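Let the sequences and hints guide you as you build the complete structure.
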Amino acid sequence: MGTVTPDVEIRLFKSVLRLRRAEESLAALYSEQEMRTPTHFGVGQEAVASGVCEALLPDDVVYSHHRCHNHYLAKGGSVAGLAAELYGRETGCANGRGGSVHLTAVDKGFVVSSAILGQTIAVATGSALAFQMDRSSRVAVTFFGEATCEEGVFYESMNYAALRKLPVLFVCENNLYSTESPLSTRQPTGTELCERARAFKVTAEKVDGNDTIAVFEAATRAVESIRAGNGPVFLECMTYRWREHVGPGFDHELGRTYRTKAELDKWIEHCPVKLAGERLQSRGIASEAQIARWTEEVESEIRVAVLTAKQAPWPEAQNLFDNIY
Amino acid sequence: MRELKYYEALSEGLVQAMERDSSIFVTGIAVDYASGIFGSTVEATRRFGPERVFDSPAMENAMTGICIGAAAMGKRPMMVHPRNDFMFLAFDQLINLAAKWRYMYGGNAGSVPVVVRAVVGKGWGQGATHSQSLQSLLAHFPGLQVVLPALPQDAKGLTIAALQSNAPTVILEHRTLYGISGPVDEAYVPTPIGKARVVQEGTDVTIVATSFMVIEAMRAAEELAKEGVSVELVDLRSIRPLDEETILSSVRKTGRLVVADTSWELCGVVSEIAALAAEKAFHSLKAPVRRIALADCPAPVSMSLEAAFYPKASTIARAVLATLGRTHSHLGDIDLADDFKGPY
Ligand SMILES: Cc1ncc(C[n+]2csc(CCOP(=O)(O)OP(=O)(O)O)c2C)c(N)n1
Ligand SMILES: [Mg+2]
Chain D
1 MGTVTPDVEI
11 RLFKSVLRLR
21 RAEESLAALY
31 SEQEMRTPTH
41 FGVGQEAVAS
51 GVCEALLPDD
61 VVYSHHRCHN
71 HYLAKGGSVA
81 GLAAELYGRE
91 TGCANGRGGS
101 VHLTAVDKGF
111 VVSSAILGQT
121 IAVATGSALA
131 FQMDRSSRVA
141 VTFFGEATCE
151 EGVFYESMNY
161 AALRKLPVLF
171 VCENNLYSTE
181 SPLSTRQPTG
191 TELCERARAF
201 KVTAEKVDGN
211 DTIAVFEAAT
221 RAVESIRAGN
231 GPVFLECMTY
241 RWREHVGPGF
251 DHELGRTYRT
261 KAELDKWIEH
271 CPVKLAGERL
281 QSRGIASEAQ
291 IARWTEEVES
301 EIRVAVLTAK
311 QAPWPEAQNL
321 FDNIY
Chain E
1 MRELKYYEAL
11 SEGLVQAMER
21 DSSIFVTGIA
31 VDYASGIFGS
41 TVEATRRFGP
51 ERVFDSPAME
61 NAMTGICIGA
71 AAMGKRPMMV
81 HPRNDFMFLA
91 FDQLINLAAK
101 WRYMYGGNAG
111 SVPVVVRAVV
121 GKGWGQGATH
131 SQSLQSLLAH
141 FPGLQVVLPA
151 LPQDAKGLTI
161 AALQSNAPTV
171 ILEHRTLYGI
181 SGPVDEAYVP
191 TPIGKARVVQ
201 EGTDVTIVAT
211 SFMVIEAMRA
221 AEELAKEGVS
231 VELVDLRSIR
241 PLDEETILSS
251 VRKTGRLVVA
261 DTSWELCGVV
271 SEIAALAAEK
281 AFHSLKAPVR
291 RIALADCPAP
301 VSMSLEAAFY
311 PKASTIARAV
321 LATLGRTHSH
331 LGDIDLADDF
341 KGPY
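Sequences listed follow chains D and E, in order. So the first sequence is numbered by the working numbering: it starts at 1 and just counts up by one. So the second sequence is numbered by the working numbering: it starts at 1 and just counts up by one.
Everything labelled a hint here was simulated from the structure, so no lab data went into it. Any given hint could turn out to be false.
Claimed, not checked - Covered by chain D, according to a simulated footprint, are these stretches of chain E (three or more residues, beta-carbon under 8 Å):
#	stretch
1	26-39
2	52-62
3	75-89
4	121-132
5	294-304
Unchecked claim - Facing chain E, from chain D, some residues (calculated, C-beta under 8 Å):
#	residue
6	Thr39
7	Ala147
8	Trp314
If you're wondering where the values come from, they're calculated on a predicted model, not measured in any experiment. Using N, Cα and C, we set each Cβ at its ideal position, and we do this for glycine too.
Take a look at the structure:
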């Protein structure tokens with residue numbers, strides 16, 4: 001594990017491609033007003049999920065926050081389970097009870113995502129505690145946004161994880177915004193989140209979060225260090241959310257002015273899927289035709305998933321009280 | 001009287017209070033956005049600017065403590081939570097400190113007049129963690145005032161009252177209310193905290209309702225009037241302090257009580273009111289009290305389950321008829337379609 005072989009590069013590309021196509025398709029369908037669940041699309045941020053999950057083993061566990069589709073899919077969650085959840089069907093990954101922000105695929109190691117900022121940072125730390133108690137080499141990972149580094153639970157969890165040298169990887173997706181608030185209104189100028197982590201004796205690294213290879217390599221180093229018993233690692237991945245905070249639209253088309261189309265365009269130029277695809281081609285690992293075939297494969301998984309979801313049964317009112325305790 | 005929407009009434013109350021009292025400031029996530037908490041903070045942002053209306057990082061607990069500290073030094077902070085559910089993170093500061101400040105220091109440390117506003121989500125699959133309404137929990141604690149304006153007049157009046165009060169006060173606002181219109185006084189007049197409103201007088205059955213359930217109860221009462229049932233509707237407005245007198249005198253008059261709230265039944269507001277009637281108006285009751293509350297499970301996302309989860313106007317009307325020993329089959333028609341459109 002750890003070296004960037006052509007196989008790894010292909011898997012990384014196929015992963016970001018799958019995430020992108022799934023999110024784009026679901027975003028397009030969202031406008032039909034049939035997915036009645038507030039949805040935070042992860043378009044533009046795929047490389048973080050794909051790069052980190054490629055560095056993990058199947059029995060490592062992943063947690064996520066409100067913007068969770070990428071992490072769920074990258075750890076092996078099915079598009080079918082996601083689509084059906086968005087359509088509120090009984091066949092959804094949370095049986096239509098949780099919605100877009102409460103996904104689960106425990107058999108794939110994606111434990112849960114949750115919508116209240118910071119919760120899963122502590123929860124992943126707790127799973128890491130369990131792994132340490134069991135003398136297991138498993139690693140727990142938690143994905144969260146940079147705004148969550150403003151919540152107290154982040155610091156409490158880092159302190160504890162470092163104190164006990166817990167096998168947890170904190171992955172911060174820094175997309176520069178918290179809903180419509182830029183970093184400048186929330187964190188002091190010049191803030192380096194990695195410095196904060198290091199102050200807690202947590203190993204920290206900052207990477208280009210749109211570069212699948214860079215994320216994969218950093219995550220691999222992190223996971224190796226964690227498995228070696230050196231304690232937690234904090235990974236800050238710089239990236240950008242293309243669509244509006246919640247919902248399928250683009251801010252500039254909706255008249256919002258908190259960020260500019262020019263800024264978005266700059267990040268679209270630095271698209272993680274495009275970068276990974278170009279790299280495959282320039283290194284002669286895959287041809288354009290091969291990429292087109294992969295794209296078709298992914299599209300067909302999504303088509304079937306959506307079609308099946310739309311025809312799937314609704315939860316029945318008589319089952320409203322299932323699974324309370 | 002001229003009409004305002006609920007959000008406009010909130011805004012007018014806030015702006016008028018800020019004009020009169022320069023110690024008031026507003027913070028919380030998204031308060032200075034163009035969308036301004038359903039429009040309710042837009043005018044305050046425009047008028048008073050970033051010195052008095054400013055966004056907050058994601059830091060609910062510390063920001064509540066910061067508001068308490070500012071209040072201790074003479075400010076009147078208003079902190080807004082875009083959802084009730086985020087307020088759980090602030091409970092330590094709010095309940096362990098703000099609610100006890102005056103009493104615990106023997107009245108010698110002054111008071112901390114913090115106003116907390118929090119939105120209750122409903123519709124579009126808000127789900128288990130974006131739809132809770134915390135009045136029962138909050139009202140449990142002596143030292144905290146808890147109000148739920150239902151009508152635009154009280155949205156303004158309770159905002160003013162909260163900003164004038166020396167006690168920490170939580171205002172819970174149901175999302176479905178922001179677009180509702182009603183007459184609102186132009187003058188700067190507080191709605192007394194701890195006083196219920198008799199929305200309509202009647203003789204057969206008392207409905208005591210809170211927040212959005214007041215609106216549902218108004219629809220129910222209108223339909224019931226056609227059936228010859230005279231409903232007295234009491235809008236509780238304030239949970240703590242509770243206006244026992246208005247509730248009891250209505251129950252003593254009608255002898256029948258239906259209670260409807262936007263949260264759950266167990267240890268909830270509906271149960272408190274039912275207990276009050278059982279204890280202090282027992283001999284006036286002609287039928288068992290009926291409690292209308294959320295289905296006893298976390299809020300599901302799926303549309304098919306959401307429909308079964310929330311009580312509606314017809315649920316209230318049926319309960320009223322049940323207290324009269326009657327049934328009716330066509331009441332479903334009175335329920336509003338859930339036409340809320342996402343994405344949030
Ligand atoms: C405790 C809490 N406070 C506020 C919110 C509302 N909220 C939901 S997402 C969000 C923005 C979070 O930004 P960030 O963590 O950077 O993630 P991003 O949305 O950028 O991916 C906020 C403030 C919440 N869900 N939980
Ligand atoms: Mg962010």
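Against the structure, the hints come out as follows:
no.	hint	result
1	26-39	holds (count 4)
2	52-62	holds (count 7)
3	75-89	holds (count 4)
4	121-132	holds (count 7)
5	294-304	holds (count 9)
6	Thr39	holds, 6 Å
7	Ala147	holds, 5 Å
8	Trp314	holds, 4 Å
The structure meets every hint from the earlier list without exception.
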